[in-house]
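K.L.:
Just so you know, the sequences run in chain order A and B.
All residue numbers for the first sequence refer to numbering that gives the first Met the number 0, where the first residue is 0 and numbers rise by one.
All residue numbers for the second sequence refer to numbering that gives the first Met the number 0, where the first residue is 0 and numbers rise by one.
Each hint can be trusted.
No distinction is drawn between identical chains; accordingly, a pair holds when it is met within one copy or between any pair of copies.
Below, in silico cross-link-like pairs of lysine-lysine (BS3-like), each with a Cα-Cα straight-line distance of 25 Å or less:
1) Lys78 - Lys180
2) Lys279 - Lys245
3) Lys279 - Lys78
4) Lys180 - Lys106
Keep in mind the hints are simulated off the structure, nothing from the lab.
2 protein chains.
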Amino acid sequence: MTETIVQKIAIIGVGLIGSSIARASAYIGAAETIALYDADDDARKRLATLELGLVAESAADACRDSDIVFICTPVGAVKAAVEACVEGLKPGAILTDVGSVKANVAKDLSTAPGHVHVIPGHPIAGTEQSGPDAGFARLFDGRWCVLTPLDNPGEGYDDAVEVLTAFWTRLGSRVTTMDVKRHDLVLAITSHVPHLIAYNIVATAADMEEVTRGEVVKFSAGGFRDFTRIAASDPVMWRDVFLNNKDAVLETLGRFSEDLAALQRAIRWEDGDALHDLFKRSRGIRQSIIDAGQDSAAPNFGRDAPPEDVD
Amino acid sequence: MTETIVQKIAIIGVGLIGSSIARASAYIGAAETIALYDADDDARKRLATLELGLVAESAADACRDSDIVFICTPVGAVKAAVEACVEGLKPGAILTDVGSVKANVAKDLSTAPGHVHVIPGHPIAGTEQSGPDAGFARLFDGRWCVLTPLDNPGEGYDDAVEVLTAFWTRLGSRVTTMDVKRHDLVLAITSHVPHLIAYNIVATAADMEEVTRGEVVKFSAGGFRDFTRIAASDPVMWRDVFLNNKDAVLETLGRFSEDLAALQRAIRWEDGDALHDLFKRSRGIRQSIIDAGQDSAAPNFGRDAPPEDVD
Chain A
0 MTETIVQKIA
10 IIGVGLIGSS
20 IARASAYIGA
30 AETIALYDAD
40 DDARKRLATL
50 ELGLVAESAA
60 DACRDSDIVF
70 ICTPVGAVKA
80 AVEACVEGLK
90 PGAILTDVGS
100 VKANVAKDLS
110 TAPGHVHVIP
120 GHPIAGTEQS
130 GPDAGFARLF
140 DGRWCVLTPL
150 DNPGEGYDDA
160 VEVLTAFWTR
170 LGSRVTTMDV
180 KRHDLVLAIT
190 SHVPHLIAYN
200 IVATAADMEE
210 VTRGEVVKFS
220 AGGFRDFTRI
230 AASDPVMWRD
240 VFLNNKDAVL
250 ETLGRFSEDL
260 AALQRAIRWE
270 DGDALHDLFK
280 RSRGIRQSII
290 DAGQDSAAPN
300 FGRDAPPEDV
310 D
Chain B
0 MTETIVQKIA
10 IIGVGLIGSS
20 IARASAYIGA
30 AETIALYDAD
40 DDARKRLATL
50 ELGLVAESAA
60 DACRDSDIVF
70 ICTPVGAVKA
80 AVEACVEGLK
90 PGAILTDVGS
100 VKANVAKDLS
110 TAPGHVHVIP
120 GHPIAGTEQS
130 GPDAGFARLF
140 DGRWCVLTPL
150 DNPGEGYDDA
160 VEVLTAFWTR
170 LGSRVTTMDV
180 KRHDLVLAIT
190 SHVPHLIAYN
200 IVATAADMEE
210 VTRGEVVKFS
220 AGGFRDFTRI
230 AASDPVMWRD
240 VFLNNKDAVL
250 ETLGRFSEDL
260 AALQRAIRWE
270 DGDALHDLFK
280 RSRGIRQSII
290 DAGQDSAAPN
300 FGRDAPPEDV
310 D
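In isolation and in its complexed conformation, chain A is listed as follows:
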């Protein structure tokens, strides 16, 4: 049995990420006590049967005596969650989150009283599923967790960052720190705009009156099915991401559209060389991602029958 990192953690908002933190913490023994709270009545009832930790009757109750408080709501709900927690936050507690946008969330977390250490965070991990049943203990294994520490923190802040870093590391994450603005720009291209595009193409397909939905489903193995997985992600979470990272998303989207217009032109003018050159460039980046341990090297992510099965 390894030592615990802290005595008690609280998880406010127990969906895919929150429940995965609970599961991982319990499995790995990173905290002695895990308190859970979700503002949704049904979610709280479900939590009572899942046995992921002690289900509190209020956010403040969950926070009481907690060394780390993880706000795991959609980013648009962080501010209200912090307000609900305030009464229970002990001096020196770490207040962190898991949202995919950091600049706006940092402001919302910073409405907490000065005696807590606000450390915005973002584990770059997830699946297209949501809710407390969707989480699993290994979700963070080998994935990056970005912390965006504040610029002018109070005393003891560095130690707090060390504790939170140790916690995420124990859950399997690789931890790094970043400036909030930079985080939001990098995530716009690696996550937000890809999701927006996936949602968009699924909508375009659904609206094509000459093509039936049945045909789209039937022939989806040609590439489309991959986009539908991403586009099956939680609508509330993603709405909040786009509303809270507007500038970086619009900037990145502008570049994407310019590049797409150039590709469109190459097709119209049958410029095969331009198409081939651009297509060829992108193989390298795939290999880098596999080499970095951020994706499976198996063809089709390994979801279809592997060669060794019958060969």
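Let chain A serve as the given structure and place chain B on it in line with the hints.
P.N.:
Chain B alone, transformed into the frame defined by chain A:
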């Protein structure tokens, strides 16, 4: 041992799809003899060691006495491949292909002499890998194979379509027939435009001077990595697809861009309801694809640690 469907097949162009047909046919015993030819010297040398079938010295040699000839080159090379086969095609032989575009390819296949049965075909299956080593016998298992029979065929054509249908069915495919123009439009939205968009976003990311390539790789698990898989597909194959399905691709791309502009506007004006409504709609189509057996229901395509591992 099940009965063979035909005595001999020839595969011209032995990459991912061609080598998978060879492997599946051999494994399942769908043909007595499998002849292979690839115009590329290195590929032919590799084939000699892979033992997927008899490696012929010319396309015509491979075709001799073959009941079915599968042209498995990129679609831009089909015409030249047919020319190279002509001398060896026996009367009554079936001449088919596997290309992702059917209208242009149907014309190219139809340059074959009148004594063969031209049946354009398209198995909707593949991976991001290419070359003869990338194929596997189960690639077509449960996947649709579309045949686009000609409008004014010669005598015995219906029987030929039946034989080809039986062959693909034996390889595990579900076979359907479609009009060529409709095929090309449906595939534009289910396959061609998704690939173009994936290539495009990988290029946009690579060109963003404020974000380093290392950051893109590091944080790719947020969604981007899925796009890089599709964008790792064979550049020559895809160049040819876009050049040969220009009209349907441009039409579909126009719709995609219109829809994206509307989403962009919703973000700019912070219209959360519009975003939420659109995001919510797309979950249903994912479920339909899973129900239709065209994708894995496992979160993240099952590539990350499954819940049951540690939970």
